[in-house]
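Number of protein chains: 2
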Amino acid sequence: MAELDENVAEGAEPHIDAPDIYNEDGVIKPSYVAHIGAAIADRDILTLKQDVATLHQSELGDLLEALIPDQRRALVELLGADFDFTALTEVDEAIRMQIVDAMPNAQIAQGVQELDSDDAVYILEDLDEDDQNEILAQLPFTERIRLRRSLDYPEESAGRRMQTEFVAVPPFWTVGQTIDYMREDQNLPEHFFQIFVIDPTFKLLGAVDLDKILRTQRSVKIEDVMHETRHAIPATMDQEEAAREFQQYDLLSAAVVDENERLVGVLTIDDVVDVIQQEAEEDLMRMGGVGDEELSDSVLSTSRSRVPWLLVNLVTAFLAASVISLFDATIEKVVALAVLMPIVAGMGGNAGSQTMTVTVRALATRDLDIYNAWRIIRREMLVGFINGIILGFLIGLVAGAWFSPSIGVIIGIAMVINMFVAALGGILIPLTLDRFKIDPAVASAVFVTTVTDVVGFFAFLGLATLWFNFG
Amino acid sequence: MAELDENVAEGAEPHIDAPDIYNEDGVIKPSYVAHIGAAIADRDILTLKQDVATLHQSELGDLLEALIPDQRRALVELLGADFDFTALTEVDEAIRMQIVDAMPNAQIAQGVQELDSDDAVYILEDLDEDDQNEILAQLPFTERIRLRRSLDYPEESAGRRMQTEFVAVPPFWTVGQTIDYMREDQNLPEHFFQIFVIDPTFKLLGAVDLDKILRTQRSVKIEDVMHETRHAIPATMDQEEAAREFQQYDLLSAAVVDENERLVGVLTIDDVVDVIQQEAEEDLMRMGGVGDEELSDSVLSTSRSRVPWLLVNLVTAFLAASVISLFDATIEKVVALAVLMPIVAGMGGNAGSQTMTVTVRALATRDLDIYNAWRIIRREMLVGFINGIILGFLIGLVAGAWFSPSIGVIIGIAMVINMFVAALGGILIPLTLDRFKIDPAVASAVFVTTVTDVVGFFAFLGLATLWFNFG
Chain A
1 MAELDENVAE
11 GAEPHIDAPD
21 IYNEDGVIKP
31 SYVAHIGAAI
41 ADRDILTLKQ
51 DVATLHQSEL
61 GDLLEALIPD
71 QRRALVELLG
81 ADFDFTALTE
91 VDEAIRMQIV
101 DAMPNAQIAQ
111 GVQELDSDDA
121 VYILEDLDED
131 DQNEILAQLP
141 FTERIRLRRS
151 LDYPEESAGR
161 RMQTEFVAVP
171 PFWTVGQTID
181 YMREDQNLPE
191 HFFQIFVIDP
201 TFKLLGAVDL
211 DKILRTQRSV
221 KIEDVMHETR
231 HAIPATMDQE
241 EAAREFQQYD
251 LLSAAVVDEN
261 ERLVGVLTID
271 DVVDVIQQEA
281 EEDLMRMGGV
291 GDEELSDSVL
301 STSRSRVPWL
311 LVNLVTAFLA
321 ASVISLFDAT
331 IEKVVALAVL
341 MPIVAGMGGN
351 AGSQTMTVTV
361 RALATRDLDI
371 YNAWRIIRRE
381 MLVGFINGII
391 LGFLIGLVAG
401 AWFSPSIGVI
411 IGIAMVINMF
421 VAALGGILIP
431 LTLDRFKIDP
441 AVASAVFVTT
451 VTDVVGFFAF
461 LGLATLWFNF
471 G
Chain B
1 MAELDENVAE
11 GAEPHIDAPD
21 IYNEDGVIKP
31 SYVAHIGAAI
41 ADRDILTLKQ
51 DVATLHQSEL
61 GDLLEALIPD
71 QRRALVELLG
81 ADFDFTALTE
91 VDEAIRMQIV
101 DAMPNAQIAQ
111 GVQELDSDDA
121 VYILEDLDED
131 DQNEILAQLP
141 FTERIRLRRS
151 LDYPEESAGR
161 RMQTEFVAVP
171 PFWTVGQTID
181 YMREDQNLPE
191 HFFQIFVIDP
201 TFKLLGAVDL
211 DKILRTQRSV
221 KIEDVMHETR
231 HAIPATMDQE
241 EAAREFQQYD
251 LLSAAVVDEN
261 ERLVGVLTID
271 DVVDVIQQEA
281 EEDLMRMGGV
291 GDEELSDSVL
301 STSRSRVPWL
311 LVNLVTAFLA
321 ASVISLFDAT
331 IEKVVALAVL
341 MPIVAGMGGN
351 AGSQTMTVTV
361 RALATRDLDI
371 YNAWRIIRRE
381 MLVGFINGII
391 LGFLIGLVAG
401 AWFSPSIGVI
411 IGIAMVINMF
421 VAALGGILIP
431 LTLDRFKIDP
441 AVASAVFVTT
451 VTDVVGFFAF
461 LGLATLWFNF
471 G
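If you read the sequences in order, they're chains A and B. Per full-length UniProt numbering, the first sequence starts with residue 1, numbered consecutively. Per full-length UniProt numbering, the second sequence starts with residue 1, numbered consecutively.
With the rest of the complex left out, here is chain A (with noise of 0.2 Å):
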């Protein structure tokens, strides 16, 4: 999350002498996983504060990650006041809870202090309203207001991702003046790109980047060089919306304003990133029948989060044995349909998944729309009937070499028939439900294979039912 890369934020030493800590494949290396525990065991709090203190974050994350719990808890019990918290920013939800449920409140407030605001909203927001409140009273009062503002706004908004440290200045300094400001005063946050004007209301009236003021002079004002922020982002917008914002228009940091305008804070592009990701990854599990999952999760709630989605595709699955039901008759007398129908269905339901992959993710980067709807309707279709008939010819020769001549055919028109209405349905199903507001990223695969199955199984053995008793 939020924090920069810390060797760059303080201008400090890098710590070169740190090993190496992880393999050629980017895990991290067992000798020392097994070097740090051996050292929680012994409670060597002299080894631990040189080889895990001086860790960046994000290698202390995933060093917490590597150990088991009572390791993770004993480490940062150890590391007292070493401990860098941000890392909690970089471990998954299940993990970071474990760590900070055995913390008493008292030191959660001591470590908070030290984050920047959107890594300690990120650490409170999924803590209960109790202890966040009496975190929250410990804190001075300029921070416990922050939180308590950002906190305030919506889950996964812009306010609640946004730092709400930032550097701003009137108009009417020059250049000169606000460099001078800068290098006097210390309270500046940690980081920042930008630099931003605001009016004596905190109106935001602009902003200037960094190298833009290194290249004027000194005794050019800050309203000559400063530009209208176009892209301010209103704290209550869904953290999506404002990755968006980013992505279209390449943007490193933006203002966050409130309801009237007035510069609340800023959010930067690397808490973006990981918004983007996660955007990217919830098409991905959502389509493979998987919600929020995180790895930690334990087996019940695992269980139960998956069952509702395999309870949906039973309902299908019935539909289509219903369908074949109606041809038991025909089944009966040629026993060779049963054995090749799961081959029309299934071929059907990876056609249609093909199609519907690339339409649910056209739809979530915008690349699908009004514009060229039609053409990628009609392509679709198109795609469908030829690679029905390849596939169709294919099947036809093998089945009808296995089985006979006329169930070749069959198969074969079947074939056809379902791999052409595959891509109908898998296009037009997600366009349908992102029409009517409904993620197709989560309802379009039990759609698509319903479709893919009854039509299957229905023009196969209707059509071996046609040949067989009136043929």
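Hints are computed from structural coordinates only; laboratory data are not their basis. As the structure is a prediction and not an experimental result, all values here were calculated from the model. Heads up, the beta-carbon is just placed ideally off N, CA and C, and yes, glycines get one too. Incorrect hints may have been included.
[What the hints assert, rightly or not] Rough simulated footprint, nothing fancy, chain A against chain B, three-plus residues with beta-carbon under 8 Å:
1. 213 to 223
2. 248 to 258
3. 340 to 354
4. 381 to 387
5. 429 to 436
[As the list claims (entries may be wrong)] Calculated from the model, a selection of chain A residues having no Cβ within reach of chain B, i.e. all distances over 12 Å:
6. Asp51
7. Gln113
8. Ser117
9. Arg148
10. Glu155
11. Arg215
12. Thr236
13. Asp297
14. Asp328
15. Ile331
16. Asn387
17. Leu433
18. Asp434
19. Trp467
Please arrange chain B on chain A, whose structure you already have, making use of the hints.
Just chain B, lined up with the frame of chain A:
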């Protein structure tokens, strides 16, 4: 791609007057597209320069995608030198090629000169070598050498994505000298967040962030505020690996060095964001059985790219069919088996793909490693078993009521077996593929489906054969 917000870049007046071209869904307004289309048809250069030349590169990119091919070419031609070449980095590859192919090489050379080197490379790398050489030949010497060097690095390497413009100073300069240099030199890159420190041979010594410079007294020497760059990126490093470095250490920009550790360029977070998104997208596409497809691909190339995946699945489907055919005598006797068997196989497939999705994603993000693999395998086995019992019980009840109690029992047991095996396959198959350096996103689905189909049919029909023949 690479370019930062233009307004910000030039510190210029923002184009507040530009109409908001998007509707509330983030799609370009049809009325705006029609307006531009009419202006193109009328060859109304004045309107186009006023309404199009002022757009942000990404807005112009969206507009180009909304137009039909003839309009795209006409628009670029009518705008002439006012066409913002960076917009070409915002459209998909097929559309970019279409526009660039219609342009004389001289015009491309002209346009490319105005771009940052990373954007120029992005456009040039897709051209064939003859065109590339012809365009490069028309560029000034330094420009040509720079682009050539980037293009000589392998595709998808950091060297291809880096910007070759950067600010570098010697370590013995003072902060004051550095600021004065930046105020006077007109040849600075459009945007930068770090200043690099090099020795006379261009060997990288360190870097200083701009906010550090602004906070430091003029008399301080650069070597006293610089930090050694721990995360210099070799130019030959794969862009995905470079992106992971950025994510792990929350970098904003990183020095790119050649094999002699000489500074050759700088990689910035905005390029990396695209790589991160592409990577997550790739996994999604691969799991859905589609490759590097683009929406603008033709029918034939789409069909060609999807058939191989379908053929692989076809082999699987015939394998499953041959399992069914082992039991055709039983099916002939109890046709209900044919009706129900797709349920067992299909539900196993769904459960397997849930586990597989989680596993593939966790492998990609490196959240799943030797430290938690066994725990996750145990968890998945338990989840599979529990969900198998839940689903098996339900299916058994329904099937028992529909056909006969004995069929209910058989399908219930078969479900437990298949869901358990599905879970095991869903995690072990991607893990094994990953161990053998095969991309689990591509190959897992086929193997998992094969396992759940074969085991599903075998368990259900096998149990039924035992029951009805010997029961």
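Self-check item: Non-interface label on isoleucine 331/A, tested against every C-beta of chain B at 12 Å
Solution: violated, 5 Å
Quiz item: Non-interface claim for leucine 433/A: all C-beta distances to chain B beyond 12 Å?
Solution: For leucine 433/A, whose nearest Cβ neighbour in chain B is about 14 Å away, the distance exceeds 12 Å, so it holds.
Quiz item: Are all C-beta atoms of chain B more than 12 Å from that of glutamine 113/A?
Solution: holds, 21 Å
Quiz item: Are all beta-carbon distances from asparagine 387/A to chain B longer than 12 Å?
Solution: Its Cβ does come within 12 Å of chain B, the nearest being 6 Å, so this is violated.
Quiz item: Closest CB-CB distance from aspartate 328/A to chain B, is it above 12 Å?
Solution: Violated, since 5 Å does not exceed 12 Å.
Practice problem: Measuring Cβ to Cβ, find out whether tryptophan 467/A lies farther than 12 Å from everything in chain B. | Solution: The claim holds: tryptophan 467/A sits with its nearest Cβ about 18 Å from chain B, beyond 12 Å.
Practice problem: Count the residues of the region 213 to 223 of chain B whose CB lies closer than 8 Å to any CB of chain A, then report whether that count reaches three. | Solution: holds (count 5)
Quiz prompt | Distal placement of threonine 236/A relative to chain B, Cβ over 12 Å | solution = holds, 16 Å
Quiz prompt | Coverage assertion for the region 381 to 387 of chain B with respect to chain A, Cβ distance below 8 Å, three residues required | solution = holds (count 4)
Self-check item: Status of aspartate 434/A, Cβ more than 12 Å from any chain B Cβ
Solution: violated, 9 Å
Self-check item: 12 Å Cβ clearance of serine 117/A from chain B
Solution: Non-interface label stands for serine 117/A: nearest chain B Cβ at 16 Å, farther than 12 Å.
Quiz item: Per the stated criterion, does the least C-beta distance between aspartate 297/A and chain B lie above 12 Å, as a non-interface residue requires?
Solution: violated, 8 Å
Of the numbered hints listed earlier, those contradicted by the structure are 5, 11, 13, 14, 15, 16, 18.
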